[in-house]
Structure formats: C-alpha cells, structure tokens
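Novice: Residue strings, one per chain:
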Amino acid sequence: MIYSRCAILHQALLATLVFCVCVLTPGTLRAQPPGDKPPLSAETEACIACHESATPGIVADWRTSRHSAHTPESALLLPALERRVSAAKMPGELTGHTVGCYECHALRADKHADTFDHFGTMVHVVVTPADCQTCHPAEADQYSGSKKAHAHDNLVKNPVYSLLMETTLRQMNIEKGVLVPGKASENAKHETCLACHGTTVVVTGTKTVETDAGPIEIPDLVGWPNQGVGRINPDGSVGSCTACHPRHGFSIEVARKPETCGQCHLEPDVPGYNVYKESKHGNITDAKKERWTWDAVPWKLGQDFTAPSCATCHNALITAGGTVVAERTHNFGSRLYVRLFGLIYSHPQPISGKTHEILNADKMPLPVTFGGKPAASFLISPEEQATRKAGLKVICRNCHSTDWADKHFEKLDRTNIETDAMTATATKLLAGAWEKRIADGKNPFDEEIEQLWIKQWLFYANSVRSGSAMAGPDYAAFKHGWWDLTHNLQHMKELTGKRAGK
Amino acid sequence: MIYSRCAILHQALLATLVFCVCVLTPGTLRAQPPGDKPPLSAETEACIACHESATPGIVADWRTSRHSAHTPESALLLPALERRVSAAKMPGELTGHTVGCYECHALRADKHADTFDHFGTMVHVVVTPADCQTCHPAEADQYSGSKKAHAHDNLVKNPVYSLLMETTLRQMNIEKGVLVPGKASENAKHETCLACHGTTVVVTGTKTVETDAGPIEIPDLVGWPNQGVGRINPDGSVGSCTACHPRHGFSIEVARKPETCGQCHLEPDVPGYNVYKESKHGNITDAKKERWTWDAVPWKLGQDFTAPSCATCHNALITAGGTVVAERTHNFGSRLYVRLFGLIYSHPQPISGKTHEILNADKMPLPVTFGGKPAASFLISPEEQATRKAGLKVICRNCHSTDWADKHFEKLDRTNIETDAMTATATKLLAGAWEKRIADGKNPFDEEIEQLWIKQWLFYANSVRSGSAMAGPDYAAFKHGWWDLTHNLQHMKELTGKRAGK
Amino acid sequence: MIYSRCAILHQALLATLVFCVCVLTPGTLRAQPPGDKPPLSAETEACIACHESATPGIVADWRTSRHSAHTPESALLLPALERRVSAAKMPGELTGHTVGCYECHALRADKHADTFDHFGTMVHVVVTPADCQTCHPAEADQYSGSKKAHAHDNLVKNPVYSLLMETTLRQMNIEKGVLVPGKASENAKHETCLACHGTTVVVTGTKTVETDAGPIEIPDLVGWPNQGVGRINPDGSVGSCTACHPRHGFSIEVARKPETCGQCHLEPDVPGYNVYKESKHGNITDAKKERWTWDAVPWKLGQDFTAPSCATCHNALITAGGTVVAERTHNFGSRLYVRLFGLIYSHPQPISGKTHEILNADKMPLPVTFGGKPAASFLISPEEQATRKAGLKVICRNCHSTDWADKHFEKLDRTNIETDAMTATATKLLAGAWEKRIADGKNPFDEEIEQLWIKQWLFYANSVRSGSAMAGPDYAAFKHGWWDLTHNLQHMKELTGKRAGK
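Protein chains in written order, with the numbering used here: chain A, 19 to 520; chain B, 19 to 520; chain C, 19 to 520.
The hints are simulated quantities; they were obtained by calculation from the structure and are not laboratory data. This structure is a prediction, so every number in the text was calculated from the model and none was measured. Certain hints may be false.
Said to hold, decoys possible - For the chain B half of the interface with chain A, some residues (derived, Cβ under 10 angstroms), not all of them:
1) Ala106
2) Lys107
3) Pro109
4) Gly110
5) Leu112
6) Pro243
7) Cys331
8) Leu335
9) Arg415
10) Trp422
11) Thr443
12) Pro491
13) Phe496
14) His505
Stated by the list, open to error - Negatives, chain C to chain A, calculated, CB over 12 angstroms:
15) Ser104
16) Asn205
17) Asp424
18) Gly459
Stated by the list, open to error - Output of the computed footprint for chain C on chain A, the stretches with three or more beta carbons under 8 angstroms from beta carbons of chain C:
19) 71–80
20) 200–208
21) 411–424
Built from N, CA and C at the ideal position, the CB exists for glycine as well.
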C-alpha cells in the first residue's frame with residue numbers, strides 16, 4: 019500500500035515534471051490538457067475533420083486561441099473588468115460549445131455576398147467586424163467610429179489623397195523623349211496604400227479551383243486577400259479585425275505588441291513604430307518584454323507590464339492597483355487631442371472617423387487649408403482637446419509626476435507649432451514656384467519640387483512631431499527630422515532658383 | 019524505511035526543482051548533466067586543455083552545440099526525418115566520440131593549403147563545406163549548386179558587377195578642381211561586398227604571432243577573416259557554412275531565425291529581412307517566437323511554430339501532421355520560380371548557381387538585356403517555373419486557402435511586370451542622356467544620372483517586388499517603393515533637362 | 019501519519035509547482051517572497067503610503083530593483099568581483115534598510131537647488147550622479163571623465179557644433195520670395211540634440227501644480243524632463259545615470275541590452291546600434307538572448323552569454339573561467355583607441371572628456387583641422403592607442419584567434435584612412451565652391467552643398483567606419499556606406515558644376 023502511495027506520488031512528481039516541460043519550457047508551444055476544453059459544435063467538428071489535413075496551420079493556430087478553449091457563455095461569467103466579450107447575452111446557437119470554424123464562417127450567411135455552398139454547408143470567406151459584433155458589440159461599435167474603419171474611403175473618396183495615390187503609383191513611359199504618365203493599376207494600389215487602408219472586396223461571380231479534395235466552386239473575389247483596417251466587406255460592413263488580431267489565433271498578445279502596429283505605422287510616412295522603438299519606453303519594453311503578461315485583461319500596470327507600449331496609451335483597458343486608469347476603446351483616435359501625421363499641418367482630431375467628408379474654407383476635403391486655416395466645425399473643440407489631453411496625462415502620471423506629464427505635452431504643442439511653420443515655408447516656396455511657372459500646379463503632386471513639398475510634411479514634419487510625442491529624439495533630429503526639414507527647404511530653393519534662371 | 023522513501027522522494031522533488039531551475043529558467047544557459055555526454059576524442063581533449071583558457075568563448079560555444087553532445091554514429095540512429103546528418107555511414111575515425119575541435123580542424127588536412135603544425139598536430143584554420151560534407155553530404159551538395167556558393171565569382175568574375183563594385187568603392191581625389199577616380203582597395207571590397215559574397219582566402223606564407231602561449235607560427239592568410247556565403251577556401255572548395263550556422267554552436271536555431279538572413283538581406287539593396295519584419299508573418303513571429311521550438315527536425319508546422327519565417331518557405335524540412343510539406347534544401351534558390359532582386363529586371367531563376375556564366379543577346383553576362391530580353395537558355399523554363407510556383411503554394415496552403423495562395427502569386431507576377439516597366443522607362447531616360455551626351459556612358463555606373471538609374475532597379479523596383487512577395491506594403495509604397503520609383507524618374511528627368519540646356 | 023507525510027509531500031509538490039509557475043513562467047513578472055526583503059526606512063514607507071496610489075508604476079518599478087531587495091551594507095558583503103557598489107563603507111543613515119524613495123530623493127538636500135518641502139519632507143526632483151556617488155563612487159568618478167558626462171558642454175560650448183545645431187534647428191521663413199533664417203528655439207534643441215546630450219536643468223522659482231492630492235508647490239524647472247547623458251543638474255553635477263539605468267528599476271540588464279544604447283546611437287548619424295544588429299554578433303545575440311543572464315556581476319563570458327553586445331566590449335566587468343577579461347568602466351571611451359564618429363575625420367580618442375576645450379592648429383575647437391591635421395596634444399598618444407588596442411584584442415581573443423583579432427583591427431585602420439580620404443575630397447570640393455563663390459562659407463552649414471559635405475562625414479564616412487569596426491557590411495556598402503560616399507561626391511560635383519555655369 020505504501021508502495022502504491024509512493025507510486026502515486028511518483029506519478030504526481032512525473033506529472034509536475036511533464037507539466038513543467040510542457041507548459042513552462044520556453045521554445046515549446048503551451049499545451050492544455052484536452053479534457054479541460056469545452057466541446058466543439060458538430061458543424062465545426064465536420065470542418066476540422068477535413069481541414070486538420072487540408073489547412074493544418076489554420077486549425078493549429080485556432081487551437082492556440084481562447085475561442086478554442088471557452089464557450090461564449092463561459093466568457094460571460096468573468097467579472098466585468100476581466101471580460102473579453104461585451105454582449106450582455108449570447109445567441110442560443112453560439113452557446114454550449116467553443117467558437118470554431120462554423121460559428122464565425124457561417125454566421126449571418128444571408129448578409130454575405132461571399133456565402134457559398136461548401137460541401138453542403140453555407141459558409142462565407144470573409145469574416146467581418148459585423149460578424150464579430152455578435153459577441154463583441156462594444157468593440158465593433160467603437161471601431162466603426164474610428165478613422166481606421168474608414169481608412170479606405172478616407173483615401174479613395176478623398177479626391178486630394180486619391181490623386182496623390184494615383185500620381186505616386188502610375189506607370190510612367192517615355193514617348194519621344196518625354197515622360198508620359200499612364201494610369202495606376204488596381205494591383206499597385208492593392209499592394210501598397212490599400213494593403214493598410216483596405217480594399218473593396220467584391221464578389222464578381224463564382225469560379226472553380228483545384229484543391230487536394232478535387233475541384234470546388236467558390237466565390238470569385240476582387241480585392242482579396244486583404245486585411246486592411248478599412249476594408250469594405252462583402253456584407254457591406256467596413257473594417258478588418260484580423261488586421262491586429264491576426265488569423266485564427268485572435269490574440270490579444272499579438273494585437274498589443276508594437277510590431278503589429280508597426281506593420282502600417284512605419285517610417286518614413288508614419289514612423290510611430292520606429293520612434294517608439296527608439297524611445298525610452300521602447301528600450302525598457304525590449305529589455306523586459308519576455309517577462310510580461312501580454313494578454314491579461316484588464317492589463318495591470320506595474321504587474322503585467324512596467325513600461326508602456328502602443329496599446330497602453332492608445333486603447334487597452336489599463337488598471338493600476340485595482341483602479342481603472344484608462345477604459346478600453348477600439349476607436350483609436352478617441353484618446354488623442356491632436357493629429358500629427360498624414361496631413362499638411364497638425365490639427366485637432368476630427369470629430370468623425372469619416373475624414374473624407376471634411377470640407378475646409380478652400381472647399382478642399384482637408385482639415386486645414388494650404389494656408390493653415392483649420393476646418394474647425396469638423397474638428398474637436400478646444401474643450402474636448404483639453405479633456406482628452408487630461409485623460410492622456412492620467413496614464414502618464416502612473417509613472418511620472420504631474421509636472422513631468424504637463425511639460426511633456428507643452429513640448430509637443432510647441433513642436434507642432436514650429437513644424438507647421440516649417441511646412442508653411444515650404445508651401446510658400448511651392449506657391450512661388452507655381453507663380454513663376456517653374457511647376458505647373460495642375461496636379462500638385464507630379465513635379466520634383468512638389469514631391470519635395472510632400473516630403474516636408476508627410477515625412478519630415480511628421481517625424482519631428484512623432485519624435486516629440488513619444489520621445490524618440492533621432493526622429494526629431496537626423497532621421498527624417500529637423501535636419502531634413504531644413505535641408506529639404508534648401509533643396510527646394512535650389513530647384514526654384516535654378517529653374518528661374520538664377 | 020518510510021523515512022528513506024520519503025527522502026528519495028524528497029530528492030526527486032529537489033531534482034525536479036533543480037531541473038526546472040537549470041533547464042527552464044529563461045535567462046540562464048541550459049545545462050546538461052555532463053554524465054549524459056559522449057566522450058571526447060583524445061585529440062580534442064588535448065585541444066580543450068589549452069583552449070579552455072586560451073579561447074574560452076569558443077569552447078563554451080561548442081559546449082552548447084549538438085556536436086558536443088552526440089557522436090556521429092548516434093546521429094545516424096534517428097529516424098530519417100529527424101536526422102541532421104545525411105551520410106549513410108560515418109568514417110571510422112569520427113566514431114566513438116563527439117565532433118570536437120580536432121574532428122573538424124584536422125579533417126582532410128592534406129587538402130588544405132592552410133594546414134599547419136600546431137604544437138605537434140596538423141590543423142587547418144578554415145573549416146569548409148568540403149570538410150562538413152563528410153557527415154553532411156546532401157547539404158553540401160545542394161549548397162554547391164546554389165547562387166550563394168558562387169556569390170564571390172558571380173560578383174568578381176562578372177565584368178558588369180565587378181565594374182559596379184569598383185566604381186562604388188574607388189577612392190576619389192580632386193586634381194585641379196576635377197574629381198579624379200582612383201582604384202578600389204581590396205580592403206574596401208572585403209569590408210563591403212565581399213563580406214557577404216565571400217573573399218578568396220589565400221595562403222601567402224607563414225608568419226609568427228605573439229600569443230599568451232608564446233610565439234607560434236601560423237599560415238599567413240589574405241582575405242581572412244571572412245564568412246561570406248561564396249568564400250573561396252584554401253582547400254579549393256567554395257562557400258561557408260558558418261555564414262548561417264555561426265561559429266562553434268553550429269546552431270539550427272540561429273540559422274532559422276530571420277536575423278541571420280538579415281545580415282546580408284537588408285535594405286536598401288536586398289530588403290528581404292526588413293520586408294519580412296514588416297509583414298504579418300513577421301509581426302506574428304515577433305509576438306510569439308519565444309514560445310516556438312526553433313531547432314526541431316523536422317520543423318513541425320502548427321506545433322513547433324505557427325507563422326512562417328525565412329527558413330520555412332526557403333529551405334527547411336517542414337512537416338504538418340506527419341506529412342512532409344517541403345523537403346530540406348540548401349540550394350536556396352531551388353524553390354523559387356522568379357528572381358526579384360540584384361538585377362535590372364525580374365526574370366526566371368537561373369538554371370545554374372554560376373550566374374557569371376550567363377550570356378544574353380547583347381553578349382553581356384546578365385540574365386536580361388538592358389532592353390528587357392531574357393537569356394532564356396540560362397534560365398529555368400516556364401514549365402519548371404510552374405512546378406516551383408506550385409511547390410511554394412503547397413506551403414502557403416497549410417494556413418491559407420487555395421484561392422488566397424493563387425491570388426498572392428498573381429499579385430506578385432503583376433508587380434514584377436509593372437516594376438520592370440518602371441525600370442525600362444528609367445533605362446530609356448538613361449539611353450537618351452547618353453545619346454545627348456549628358457553622360458558619357460563609357461562606365462555606366464559613374465555619373466549622377468547613372469547612379470539614379472541604378473537606384474531605380476537595385477533599390478526601388480527591388481523593394482516593391484519584395485514588398486509584394488512577402489506582403490510588406492510600406493516597402494512597396496513609401497519606403498523605397500513606388501514613391502521613390504516615381505520620384506527618382508522625376509529627378510532623372512530634371513537632371514536630363516537641365517544638362518541638355520532645357 | 020503516513021497520510022500526513024504524504025500531505026507534506028503533496029504540499030512540497032504544490033510548492034514546486036507554484037514556484038515553477040511564479041518564477042519560471044515566461045510572461046509573468048518574477049515574484050520574490052516578501053519575507054526575504056529587508057525593511058524600508060520609515061521615511062520611504064511614508065513616501066510609498068501615498069505614492070503606491072499616486073504613482074503606482076514608479077513603486078512597482080522600484081520593487082523590481084535590487085535597491086528594493088538589499089541594504090547597502092548587505093551589498094558590501096559580496097565578494098569584490100560580484101559587488102555592484104564601490105564605496106568602501108556606507109554612511110550610517112543608509113544602513114539597516116533598503117534604498118528607497120527617501121534615500122535618494124532626500125540625499126544631499128542642501129546641495130540641490132531643486133529641493134523643496136513635500137508634505138514636510140525636504141526632497142529634490144532630480145537624482146544625480148553626485149547622489150548615486152554615495153554608494154557608487156568609482157562609477158561616478160569614471161563617468162565624470164567620459165565624453166558622455168560632458169556631452170552638453172561639448173555641443174553647446176563648442177561654437178562649431180553649436181552653430182551646426184542652431185543652423186539645423188532654426189525656423190526658416192519666406193520674405194519677399196527669399197528664405198530668411200530665424201532662430202532655433204530652446205524647445206527644438208531640447209527635443210532633438212539635447213534629448214541625448216542633456217539639457218541644463220535650472221530652477222527658476224516655484225509653482226503650484228494641481229494633483230490628485232490637491233495643489234502642491236514644487237520647484238519650477240527649465241530643461242526638464244530630460245535624461246540626456248550630459249545633463250547639467252540643479253546640484254551642479256553633470257550626467258544622468260537614468261539614461262542607461264532607466265527610472266526606478268536601476269537595471270543592469272536594461273543598461274546592457276543594445277536597445278538602450280540604440281536610443282542615441284542610431285543611424286544615420288551614429289549608427290552603432292544598427293550596425294551591431296546587422297553584425298554576426300548581433301545575429302547571434304538576437305537568436306539566443308532569451309536564455310542569457312543579462313544581470314550577472316561579473317558577466318561571465320561563455321556562461322552568462324555567448325556573443326558580445328555593446329556592454330561586453332565597451333564597459334562591463336567581464337570574466338571567463340574566473341579570470342578578469344575586462345575591468346568595469348563607466349568612462350565609455352576609455353577602452354577605445356580611435357574615435358570614429360561625430361567629427362570630420364577619425365582621430366585618436368581625446369585625453370579629456372571635455373572635447374570643447376580642444377583647440378587645433380586652425381584655432382578651431384575640433385580634434386582635426388579641415389585639412390586633416392590632428393590636435394595631437396589633446397589626443398591620446400600612439401603608445402596609449404597601442405595599449406588600448408591590445409586591451410580590446412584581449413576581449414576578442416576569448417572567441418577568436420590572435421590573428422583574427424589582429425586582422426580585424428588592421429581592416430578598421432585601413433578603412434579609417436580611406437574614409438578620411440573620401441571626406442578630404444569632399445572638403446576640397448567645398449573649398450572650391452567657396453572660392454568660386456558658389457557658396458558663401460560665412461556659415462559652413464547653411465547651403466545645400468555644405469549640407470552635402472556634412473553628410474559625407476557625419477553620415478557616410480561614419481557609417482563605413484562603424485560597419486568596419488563592428489562587421490556590419492551593409493552599413494559600409496549600400497546603407498549610407500561607400501555607395502553614398504561616392505554618390506554624394508558626384509552630387510556635390512553636379513551642384514558645383516551647375517552653379518559655376520558649367
């Protein structure tokens with residue numbers, strides 16, 4: 019009997035060991051005892067029966083997800099602050115089993131133009147924010163108000179930006195020694211601007227593809243594959259949750275890690291990621307991130323992490339000592355009081371995420387005129403700006419004194435004024451070039467001096483502001499910063515002087 | 019007795035604990051019980067007796083390697099798929115002990131011009147693929163057919179590329195107010211192009227160096243140290259395994275991690291690593307890599323890793339659910355159907371790794387003429403291209419649908435056509451400049467407009483293609499992408515216009 | 019009884035498990051049994067009583083530090099090589115408890131112009147090297163001799179560099195079609211150059227800030243917040259320990275990780291971090307760093323780490339097999355024999371950290387004249403250079419042969435000669451432009467050709483040298499390397515030719 023007890027203990031020891039090896043070894047995926055997982059729906063089981071071998075990576079990725087380990091109704095049992103779902107209750111058909119292939123790809127089938135008969139089951143290709151909204155309504159709702167959700171339209175339906183895209187991507191030919199512009203292809207747009215901004219995914223018919231399981235008929239999609247944040251989906255919805263919670267892992271960890279933001283927010287045009295990496299916040303994060311808990315909800319400052327990353331200031335639910343420091347939001351501009359990048363001058367954040375609807379005093383769809391006058395009625399008020407700035411400082415003050423946080427934003431505000439002035443100078447040089455017929459100005463984006471002017475605001479002023487906002491000094495100095503702001507003006511002047519016969 | 023049993027259990031517990039602390043603690047090198055390791059050869063023991071103190075880092079690095087933990091014959095006992103050696107049997111002198119200093123540095127001594135008497139033992143400085151071939155013949159053989167293996171000759175023996183290197187690295191002086199070009203030094207070549215492409219390591223004699231153990235006589239080597247992939251070795255072999263499996267750790271993990279590829283495949287000229295980092299594949303990898311098993315053989319998709327890195331698509335032995343998805347290859351171009359970078363236009367992969375032997379219709383050693391005509395007989399056929407593209411899609415389809423994978427490559431193919439056209443336009447502008455005597459064209463690489471033309475293909479077209487191939491949109495857009503393709507043409511035109519007196 | 023023994027064992031098992039989960043799980047901050055920690059001083063307890071909720075992140079960060087886990091006198095008990103403190107004995111008021119808020123922020127209160135009454139306790143805002151010196155005198159003393167400590171004065175009090183800063187950061191306006199330079203603001207300096215070099219922190223009076231605890235009166239500081247390495251502090255001291263040991267974690271790990279150096283040593287002007295990342299040393303480190311012990315003292319080569327990072331060669335106390343390989347130094351230039359970056363030509367390291375006191379043969383505060391003549395009396399002698407180079411090689415030789423290390427530095431020395439020659443050519447072109455009145459030369463930094471000349475040494479020659487010094491070949495080749503050295507000369511020539519009416 020003693021032997022058997024020892025044997026039991028021995029087994030327990032072994033179990034400990036196995037547990038340690040399986041769960042703790044860095045470099046091995048965490049296993050979870052299969053017995054602990056809730057059942058799959060019969061439909062999802064059918065999907066997996068084939069797809070375990072047809073697309074094993076998708077199934078394996080899904081098995082790492084919370085969707086594979088919890089039922090929607092169990093997700094509701096968590097205390098409010100710890101909840102990852104925002105629906106008050108779950109639809110009956112989603113209860114009793116995990117959230118698997120069928121639960122998402124067959125949801126709202128009748129709303130989806132991309133729904134098709136797949137071995138007897140009606141499924142759709144593109145899972146959209148309107149699908150995710152079933153369990154995550156608050157997140158989908160917040161997101162729908164963001165600039166991200168409308169990133170496609172804000173580019174394509176804004177004639178100024180659309181012209182910039184066309185001009186940048188058009189095929190150029192030589193005819194009789196002269197550069198002759200052609201058109202920008204849909205492919206070029208898809209692989210560049212729209213990769214981040216989102217495509218319009220359109221079902222143009224059906225087609226047959228050869229697969230390992232023989233030929234199957236599927237919807238023929240234009241604008242696909244794409245995970246741009248403002249994708250126009252075949253169910254009429256906008257946006258793409260997978261842009262930040264990629265593929266079938268639906269991971270909070272991935273979404274919170276700065277690399278994910280960095281896919282689109284990259285130098286030279288949107289150097290947020292690069293500046294963060296250079297900043298003290300980024301330094302500390304790089305040094306310590308392996309020991310942080312990146313998927314905790316709420317995200318506990320000082321416990322789960324000890325330095326901020328993008329999600330800390332911009333969107334995650336943060337607590338400190340049990341107190342809420344910042345509420346979760348998926349409207350990524352809603353905590354911000356000023357808009358630093360992508361436009362000619364800095365300006366108050368727009369009220370609506372649909373920035374293409376802005377109209378300024380010059381009747382242009384831009385938040386500020388070329389001369390510097392803001393389209394105030396489309397932008398948040400000074401009072402709202404003050405409220406938001408105060409909200410940001412609440413986050414800073416967890417690790418910095420009141421004075422430190424105040425002075426940080428004073429510096430940023432001053433930087434915005436100064437970089438706007440440097441852009442205004444470039445605009446005046448450009449206007450002079452147009453006046454002197456050095457450039458024709460018909461298309462403001464297609465001659466060399468015009469391209470230098472674009473660099474002044476899109477690359478350089480923007481970098482300096484981001485460097486000031488996130489304390490990455492090289493991006494305010496020599497890396498597309500003041501050095502280039504100044505050098506570029508000099509170069510514009512050279513170009514102006516030369517052509518004017520000077 | 020019970021006490022003693024408890025004591026045993028207590029010891030077991032302690033052992034578990036010690037195991038956890040030694041093996042699992044992140045931040046501590048993994049220890050392995052020394053008793054488990056096979057014996058060292060007497061010769062290697064003699065090496066280590068001195069080198070443990072003379073070069074302790076080398077010995078410590080070796081102790082982390084599989085070479086220090088297994089005998090060649092035990093490596094043969096693994097199931098075929100798990101084997102890291104490809105020899106059918108091992109030479110007798112390598113059996114019975116680990117693969118230590120002596121086993122590699124004294125192998126094939128008579129073949130090595132760099133063999134010397136080192137305290138009574140004949141050893142050579144440079145361990146080469148021909149040495150490694152003893153246990154790893156398949157890998158060495160595959161590698162010998164790759165462009166990498168011939169990277170030195172492909173640069174140095176190709177007069178076009180050799181001239182580009184010379185022109186870029188030459189000393190420029192001012193004489194009577196005129197820029198006068200000198201010669202490029204061997205040092206400059208060694209520290210730049212040949213650092214990646216490989217040097218020619220030549221033994222010029224012997225020399226005496228002062229060491230902690232007194233003066234010793236060693237071979238005097240030119241072109242050393244160097245770990246370029248196409249190094250010409252003192253035993254007449256080509257290549258360098260240590261380029262990717264660095265130093266004495268011989269690590270599969272290091273070779274598979276994207277940073278290692280990034281040492282040579284870096285923007286602006288070969289931006290593979292940067293594009294990967296920006297891609298969704300790279301985002302996920304950065305977020306999750308700490309929990310992956312980077313050294314498993316075979317590399318099990320969905321189990322050892324859940325997103326691809328360079329090695330997944332380009333060379334590693336990949337399985338999914340026990341099925342082989344891709345065979346191991348050390349001929350890194352052999353899975354690829356199109357060549358994207360380093361040349362003026364994209365084109366089918368060359369048949370041979372010796373690209374300097376190509377001759378196109380203009381009698382130039384380039385796979386495509388300046389006018390865009392491929393040297394078809396040196397390039398893989400459309401059929402072979404189709405086979406390889408299908409093989410790549412097999413990898414994609416583990417995590418993506420058939421349609422997704424198809425469309426991905428359709429986009430890449432379209433991008434190649436468009437970027438080639440943008441380069442053709444630049445080539446026509448350059449030809450015009452030569453015709454108008456704005457540039458002399460004697461050396462096509464030494465005047466400003468010529469340098470802009472080089473940037474058009476070597477930096478910009480290349481970036482756009484890499485961005486399309488690996489879904490890193492900023493490298494197709496603003497980061498050396500379409501923005502620069504377009505702006506650079508504009509700048510070339512400015513330069514042409516100006517000099518032509520326009 | 020047996021049951022109870024089993025229960026004990028069961029508890030032990032559980033403890034093991036808990037230990038594993040708490041201590042070993044990657045992704046959870048390491049917990050330390052609170053009972054093991056020494057007491058806090060009464061004053062620090064009072065600070066924490068409020069600040070645990072007022073600034074919870076600061077308190078949490080501090081709790082991760084050694085300062086929170088050890089008393090100064092216990093730090094003295096370690097064997098000499100393992101000691102992190104260099105004081106022979108500790109002042110009485112610092113013994114018996116941890117080093118908490120009060121211990122640092124109230125130290126030397128009478129020396130600090132920023133000391134203020136904070137709820138009855140006299141504390142100061144800025145903790146300085148002179149404060150840290152109490153326990154760490156050797157480190158503070160070494161640091162005070164470094165160029166870093168004087169980085170503010172070396173920029174601001176050097177009229178040449180000060181003019182470069184002013185010219186780069188000044189506001190440019192258009193008046194009657196002409197670019198008219200204004201002044202550089204203190205804000206722009208603070209957010210760029212002085213962010214790394216350090217500001218002068220001055221107390222201008224007191225002010226009231228609104229806090230969660232009501233209004234409090236604090237010193238009004240100019241030049242704050244700032245953590246530049248050469249900060250001029252309100253106690254008259256210079257420097258900032260938090261630049262590398264950030265905030266309240268005072269971490270050796272963070273200071274040793276290359277990302278921290280990368281905050282200031284970043285391309286294009288000081289590409290040390292980027293070059294390291296590209297190098298083989300950086301590749302290996304990126305692949306293996308998670309398993310290294312980054313905070314061990316001494317730092318044991320081959321045991322705590324198997325490839326060098328910045329701190330290995332530049333400042334940490336390194337041992338191998340119990341032997342000291344390199345002594346700890348906080349004078350970061352003191353191991354180096356040549357200075358590669360930031361100045362027009364490479365040159366021997368300066369003798370003093372106060373480089374603004376150098377005066378060359380042209381009476382300029384630069385270590386080398388424009389013509390290339392070194393200010394030898396301010397620079398270390400050839401003998402001292404030889405000694406330092408030998409010291410560096412001692413580090414290399416732990417992992418590389420004597421010949422390897424020798425040849426590495428031969429290549430670097432040759433690279434320095436060649437890049438200096440390429441800069442000299444640019445200087446001659448510039449002198450020609452001044453002579454021909456193409457540029458006026460009054461301010462050598464404000465015209466386009468002058469800016470190209472700056473790029474020649476500040477970006478390109480510097481990158482090539484760094485690439486050679488750390489074996490990052492792309493930075494010597496296409497990434498701001500020889501390609502740009504050559505292209506930039508061509509561009510300068512174009513600009514010269516054009517304006518001269520050629």
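Novice: Give a verdict on every hint.
Specialist: Now for the hints, and whether the structure bears them out:
The interface hint given for Ala106 of chain B is violated, since its Cβ lies 31 angstroms from the closest Cβ of chain A, which is over the 10 angstroms cut-off. Interface restraint check for Lys107 of chain B: the shortest CB-CB distance to chain A comes to about 32 angstroms, outside 10 angstroms, so the restraint is violated. A cut of 10 angstroms between beta carbons decides the hint on Pro109 of chain B: the least distance to chain A is about 33 angstroms, and the hint is violated. Evaluation of the Gly110 of chain B hint against chain A yields a violated restraint, the C-beta minimum of about 36 angstroms exceeding 10 angstroms.
The criterion of a C-beta within 10 angstroms of any C-beta in chain A is not met by Leu112 of chain B, whose closest approach is roughly 29 angstroms, and the hint is violated. For Pro243 of chain B, the shortest C-beta to C-beta distance to chain A is roughly 30 angstroms, which exceeds 10 angstroms, and the interface hint is violated. Taking 10 angstroms as the C-beta contact cut-off toward chain A, the hint placing Cys331 of chain B at the interface is violated, the least distance being around 13 angstroms. The interface hint given for Leu335 of chain B is violated, since its Cβ lies 16 angstroms from the closest Cβ of chain A, which is over the 10 angstroms cut-off.
Taken as an interface hint, Arg415 of chain B checks out: its beta carbon lies about 7 angstroms from the nearest beta carbon of chain A, inside 10 angstroms. Residue-level restraint check for Trp422 of chain B holds (minimum Cβ-Cβ distance to chain A is 5 angstroms; threshold 10 angstroms). For Thr443 of chain B, the interface hint holds, since its Cβ comes within 10 angstroms of a Cβ in chain A; the closest pair sits about 5 angstroms apart. With 10 angstroms as the threshold, the beta carbon of Pro491 of chain B comes within range of chain A, its nearest partner Cβ sitting at about 3 angstroms, so the hint holds.
Look at Phe496 of chain B: its Cβ gets to within about 4 angstroms of chain A, closer than 10 angstroms, so that hint holds up. Given hint, His505 of chain B at the interface with chain A, holds; its Cβ is 5 angstroms from that chain's nearest Cβ, closer than 10 angstroms. Its beta-carbon lying about 24 angstroms from the closest one in chain A, Ser104 of chain C satisfies the requirement of being farther than 12 angstroms from that chain. Some Cβ of chain A comes within 12 angstroms of the Cβ of Asn205 of chain C; the nearest lies about 4 angstroms off, and the non-interface call is violated.
Asp424 of chain C, annotated as away from the interface, keeps every beta carbon of chain A farther than 12 angstroms; the closest lies near 34 angstroms. Look at Gly459 of chain C: its CB is around 15 angstroms from the nearest CB on chain A, clear of 12 angstroms, so calling it non-interface holds up. As drawn, the segment 71–80 of chain A meets chain C at 0 residues by the rule of a beta-carbon pair under 8 angstroms; below three, the given contact is violated. With 0 residues having a Cβ less than 8 angstroms from any Cβ of chain C, the segment 200–208 of chain A misses the three-residue criterion, and the hint is violated.
Chain C is given as covering the segment 411–424 of chain A, and this holds because 9 residues of the stretch bring a CB closer than 8 angstroms to a CB of that chain, at least three being needed.
In terms of the numbered hints stated before, the structure departs from hints 1, 2, 3, 4, 5, 6, 7, 8, 16, 19 and 20, listed from lowest to highest.
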